[in-house]
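A.B. asks: Sequences listed follow chains A and B, in order.
In case it helps, our numbering puts the first sequence at residues 1 to 262.
In case it helps, our numbering puts the second sequence at residues 1 to 782.
Derived from the structure by calculation, the hints contain no laboratory data.
Just so we're clear, the structure is a prediction, and the values are computed from it rather than from any experiment.
Note that beta-carbon positions come from the ideal geometry of N, C-alpha and C, so glycine has one too.
Watch out, some of these pointers could steer you wrong.
Below are the BS3-like pairs computed for lysine-lysine, each with C-alpha atoms no more than 30 angstroms apart in a straight line [as the list claims (entries may be wrong)]:
| id | chain 1 | residue 1 | chain 2 | residue 2 |
| --- | --- | --- | --- | --- |
| 1 | B | Lys59 | A | Lys37 |
| 2 | B | Lys32 | A | Lys37 |
| 3 | B | Lys127 | A | Lys24 |
| 4 | A | Lys45 | B | Lys59 |
| 5 | B | Lys404 | B | Lys447 |
| 6 | A | Lys45 | B | Lys127 |
| 7 | B | Lys350 | B | Lys765 |
| 8 | B | Lys127 | A | Lys37 |
| 9 | A | Lys135 | A | Lys45 |
| 10 | B | Lys174 | B | Lys90 |
So, partial list: chain A residues that the calculated Cβ filter (under 8 angstroms) puts toward chain B [stated by the list, open to error]:
| id | residue |
| --- | --- |
| 11 | Phe174 |
| 12 | Pro177 |
| 13 | Ala178 |
| 14 | Ser179 |
| 15 | Ile239 |
| 16 | Ala241 |
| 17 | Ser242 |
| 18 | Tyr245 |
| 19 | Asn248 |
| 20 | Leu249 |
The lines below spell out each chain.
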Amino acid sequence: MYSFDYERPSGVNDAAASLGEDDKVLAGGQTLLPTLKLRLAQAGKLVDLSGIDELKGISSNGSELSIGAMTRHVDVADSAEVRSAIPALADLASHIGDAQVRNRGTIGGSVANNDPAADYPSALVALGATVHTNKRSISAEDFFVDLFETALEEDEIITKISFPVPESAAYAKFPNPASRYALVGVFVAKTSGGVRVAVTGAGPCVFRQSDMEAALSSDFSSSAISGISTDASGLNSDIHASAEYRANLVSVMAGRAVDAAS
Amino acid sequence: MPVENGIGAAVRRKEDQRFITGNGNYLDDMNKVGQAYGYFLRSPHAHAKINGINLDAAKAAPGVVDIFTGADMAADGIGGLICGWGITSKDGSPHNAPPHNSMAIDAVRHVGDQVAFVIADSLQQAKDAAELIDVDYAELPPVTDISRALSGGAPQIHEEAPGNVCYDWELGDKDAVDAAFASAAKVSKIDLVNNRLSPNPMEPRAALGEFDPGSEELTLYTTSQNPHVARLIMSAFLAIAPENKLRVVAPDVGGGFGSKIFVYAEETVTVWAARKINRPVKWTADRSEAFMTDAHGRDHVTHAELAMDDEGHILGFRVSTKANLGAYLSTFASAVPTYLYGTLLNGQYKIPSIYVEVLAGFTNTTPVDAYRGAGRPEATYVVERMMETAARDLNMDPTEFRMKNFIQPDAYPYETPVIMTYDSGDYPANMNAAKGLIDYAGFAARKAQSEANGKIRGIGCAAYIEACGIAPSAAVGSLGAGVGLWESAEVRFNPTGSVTVFTGSHSHGQGHETTFAQIIADKLGVPIESVEVVHGDTDKVPFGMGTYGSRSLAVGGSAIVKAVDKIVEKSKKIAAHLMEAAVEDIEHEHGVFSVAGTDKQMTMGEIAFAAYVPHNYPEDLEPGMAENAFYDPLNFTFPAGTHIAEVEIDPNTGVVDIVDWAASDDFGNIVNPMIVEGQVHGGVAQGIGQAMLEGVVYDDESGQLLTGSYMDYCMPRADDLPSFKIDTTGTVCPSNPLGVKGCGEAGAIAAPAALMNAITNALGKDIDMPATPEKVWRAANA
Numbered sequence: 001m002y003s004f005d006y007e008r009p010s011g012v013n014d015a016a017a018s019l020g021e022d023d024k025v026l027a028g029g030q031t032l033l034p035t036l037k038l039r040l041a042q043a044g045k046l047v048d049l050s051g052i053d054e055l056k057g058i059s060s061n062g063s064e065l066s067i068g069a070m071t072r073h074v075d076v077a078d079s080a081e082v083r084s085a086i087p088a089l090a091d092l093a094s095h096i097g098d099a100q101v102r103n104r105g106t107i108g109g110s111v112a113n114n115d116p117a118a119d120y121p122s123a124l125v126a127l128g129a130t131v132h133t134n135k136r137s138i139s140a141e142d143f144f145v146d147l148f149e150t151a152l153e154e155d156e157i158i159t160k161i162s163f164p165v166p167e168s169a170a171y172a173k174f175p176n177p178a179s180r181y182a183l184v185g186v187f188v189a190k191t192s193g194g195v196r197v198a199v200t201g202a203g204p205c206v207f208r209q210s211d212m213e214a215a216l217s218s219d220f221s222s223s224a225i226s227g228i229s230t231d232a233s234g235l236n237s238d239i240h241a242s243a244e245y246r247a248n249l250v251s252v253m254a255g256r257a258v259d260a261a262s
Numbered sequence: 001m002p003v004e005n006g007i008g009a010a011v012r013r014k015e016d017q018r019f020i021t022g023n024g025n026y027l028d029d030m031n032k033v034g035q036a037y038g039y040f041l042r043s044p045h046a047h048a049k050i051n052g053i054n055l056d057a058a059k060a061a062p063g064v065v066d067i068f069t070g071a072d073m074a075a076d077g078i079g080g081l082i083c084g085w086g087i088t089s090k091d092g093s094p095h096n097a098p099p100h101n102s103m104a105i106d107a108v109r110h111v112g113d114q115v116a117f118v119i120a121d122s123l124q125q126a127k128d129a130a131e132l133i134d135v136d137y138a139e140l141p142p143v144t145d146i147s148r149a150l151s152g153g154a155p156q157i158h159e160e161a162p163g164n165v166c167y168d169w170e171l172g173d174k175d176a177v178d179a180a181f182a183s184a185a186k187v188s189k190i191d192l193v194n195n196r197l198s199p200n201p202m203e204p205r206a207a208l209g210e211f212d213p214g215s216e217e218l219t220l221y222t223t224s225q226n227p228h229v230a231r232l233i234m235s236a237f238l239a240i241a242p243e244n245k246l247r248v249v250a251p252d253v254g255g256g257f258g259s260k261i262f263v264y265a266e267e268t269v270t271v272w273a274a275r276k277i278n279r280p281v282k283w284t285a286d287r288s289e290a291f292m293t294d295a296h297g298r299d300h301v302t303h304a305e306l307a308m309d310d311e312g313h314i315l316g317f318r319v320s321t322k323a324n325l326g327a328y329l330s331t332f333a334s335a336v337p338t339y340l341y342g343t344l345l346n347g348q349y350k351i352p353s354i355y356v357e358v359l360a361g362f363t364n365t366t367p368v369d370a371y372r373g374a375g376r377p378e379a380t381y382v383v384e385r386m387m388e389t390a391a392r393d394l395n396m397d398p399t400e401f402r403m404k405n406f407i408q409p410d411a412y413p414y415e416t417p418v419i420m421t422y423d424s425g426d427y428p429a430n431m432n433a434a435k436g437l438i439d440y441a442g443f444a445a446r447k448a449q450s451e452a453n454g455k456i457r458g459i460g461c462a463a464y465i466e467a468c469g470i471a472p473s474a475a476v477g478s479l480g481a482g483v484g485l486w487e488s489a490e491v492r493f494n495p496t497g498s499v500t501v502f503t504g505s506h507s508h509g510q511g512h513e514t515t516f517a518q519i520i521a522d523k524l525g526v527p528i529e530s531v532e533v534v535h536g537d538t539d540k541v542p543f544g545m546g547t548y549g550s551r552s553l554a555v556g557g558s559a560i561v562k563a564v565d566k567i568v569e570k571s572k573k574i575a576a577h578l579m580e581a582a583v584e585d586i587e588h589e590h591g592v593f594s595v596a597g598t599d600k601q602m603t604m605g606e607i608a609f610a611a612y613v614p615h616n617y618p619e620d621l622e623p624g625m626a627e628n629a630f631y632d633p634l635n636f637t638f639p640a641g642t643h644i645a646e647v648e649i650d651p652n653t654g655v656v657d658i659v660d661w662a663a664s665d666d667f668g669n670i671v672n673p674m675i676v677e678g679q680v681h682g683g684v685a686q687g688i689g690q691a692m693l694e695g696v697v698y699d700d701e702s703g704q705l706l707t708g709s710y711m712d713y714c715m716p717r718a719d720d721l722p723s724f725k726i727d728t729t730g731t732v733c734p735s736n737p738l739g740v741k742g743c744g745e746a747g748a749i750a751a752p753a754a755l756m757n758a759i760t761n762a763l764g765k766d767i768d769m770p771a772t773p774e775k776v777w778r779a780a781n782a
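Isolated chain A, as found in the complex:
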């Protein structure tokens, strides 16, 4: 780890104001800290958001669930509000990493990092969530831009994420046996506006499977998508899985998610 300065402001505006070009935001640190320790990244200053109370907490009004950016995975997994409003989201959070990661990692940190194999992006896109920052509100689909790339600007900090409550939803994950990140994860949500199917792990960035969405909108059953394949070109291929295998897993996991949500 290279040396860096450290700040722990108590307000979002203070945090944003102190962010310089070489600085990094510390949310849960579950990706950032290992990267720093391996000297793969360097920060002039770490701005730790853990002292900002307004970024924490979960609330629900029946039609919308709102989760503060600094809410830990374990808190989402254990939350009665989340379990009541969107149980699939609590289930997703309960399978992120391991207990240590869930006790430190936060939803805002995960979303801002946009790891192609992270679980949360699929939930945000499938549920049509909105990412709120200190500057604006961004729809999830606009937020996730590309591999490790989001719509966030340099001094923009996520404050909360709001999820419209769906009719039903489920997440099916095929974990990478080594890292337990999603080799493929599929989040299916049935909403008043139609069915949305979002895929993580398979490609460089979360994406929607529109053929499946169309089929499921008219018949919400796994048999409706049993013949629908995903184009392997453009999917990830590495020592763990080929693009072709990942494409197969998209179909299998989507079917399982639909079954679980039915």
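Keeping the supplied structure of chain A fixed, place chain B upon it in accordance with the hints.
C.D. replies: Quick look at chain B alone, frame taken from chain A:
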């Protein structure tokens, strides 16, 4: 009458209290006054020539104490690392052993090769300075795949090893095997890859060097399985210091699995540097370094053929293997694919003729050496995948095929065609026990049920044998070993009756403090709480050979028994004197000495006290009660047994669920069944890891290590594993006084073949390890 906490008792491990409460004394816990920190600059390239190293900027960096390179060590007269086992090729020539410098001098040959050692007041300063070192590399093309390395035109890694060949070795009677195949009614063939593994002990390697300018003694604290062997090699071959001025201490060591047997560059550099700077210096590997530099295991490519008559009796076995030794010859690397491998290819079977040839070579990869099982898992994988394939070719039940060819319980001693003499066993009994545990007969019904659920069920077994308790010194010496493989012990009574046992074995998780104490409790009636086991310090314990190859109890334990025998012999003389009886009338049982035919008796504690306070004492008898012994084994021991795995495969994803596991192991007599069960669990977990999850992957074009962290190298975890059904049906080992065989590696030896036989049984076709979900999915859907 059994003794409390004696032999056979499932005693909880004495050492676990300190381990699980954070009171262990591991190397990185140790710090010395004035200690500096070392950091190795390592090669980012798999293969490159070094044109020059500029240290100027780095040496001027804050906190830097000094920086050393391979040239500095050579200038100081420090030799290179050695390989301690000479292998002779078919043509009579000795194996090619190229120079193995602790730090590169003119070339680097694998990613992670040591280039410079930076010492600073803090680790951060050492790392910062290392980034300022300017190494002028001229990159060379690498090769990591052993088949390509040994084919013509591959990059040449060492001048001293033309064609990258280390040796071309053979064992067995080629003509007899050829004749067997010529007369065979049926021949089965198989091609196998034994995947390369990273050992991954929980504690990374570390070293702390300290120099005392007054005594001129150098001390190396290190993560070693055999500190005396490390001292011997560093003294005799590297000239670090004379043996009497070099102390090697291996304190609590957090796992080894073989990887801490070897003398590594880092520990030699660290201890040498401590004298150069006249200041303690510590180096601890991080996990990335462990992946790059801990000696790897396995990495064989094998073709095997089995000749049989028309009734399924085996006539001959022919095996051809290419073994990847990595970039340099590690300490015992040469022995693993030869005498620890070829000699076990007879398995549990009556095989009239066997011929094996092994072509071993160098690649631009981490050196490969012994890893849990060391050669024997590779042999078992070949034999047991071969037997399964042969049975399938014959349309015979694989367990029946094995039963038909097993060596029978009345056939011992049994000489194999590959220079082993099996001393005991009952292979049909272990097979039957395992079949009973897993309800083998009920498999067909379970398979039908799985099929109805859209799943594919498979069952497979491995009837393994291994050679442990390595080994009779004269025998291994005749095969090229540079050392004897006996073990030492001292049993020392204190005047108050408590005991300290000094052993040349080394515990790095095996539980010696408990098992050895149980032997003393059983033999001498001393409560295990009053027995202290000391190991791992060359200044404290007699010269010993260390722990590997499941040898500690069979060899180290036998040395303790021999020392105990001397204690008993002396105690009888004292007891006879004090009870006014003839020595021949003194009877001894579990630490109680009595006069035959009377009610007179004395305890061991009373006698020990008398020996230290010899006011009333036999003439011509030395006072004191401490005896040492060296034990050289009569033979290897031959643990054997059958493991059966049952799996259910999801054809949609290729996920293999291990639904059941039965193990019946013959470990001979058992001192602590709880520790044995733990060893089986751990071994099977590692074997399952090899079969389904683990595998070191290099990019053959760049030579880069692609599995350099736990993000990419998959270790087995609890939720990957089934519950194990374990049985220890055994036969007493006749080759040592405890009748024990060794249990530390059996699981890792049996499990890969058992699991792959189950998976390939389900799939109806062969795939290679690791059986990843994608490989299984492709096979299930092809």
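A.B. asks: Tell me, which hint numbers fail for this structure?
C.D. replies: Violated hints: none at all, because every hint is consistent with the structure.
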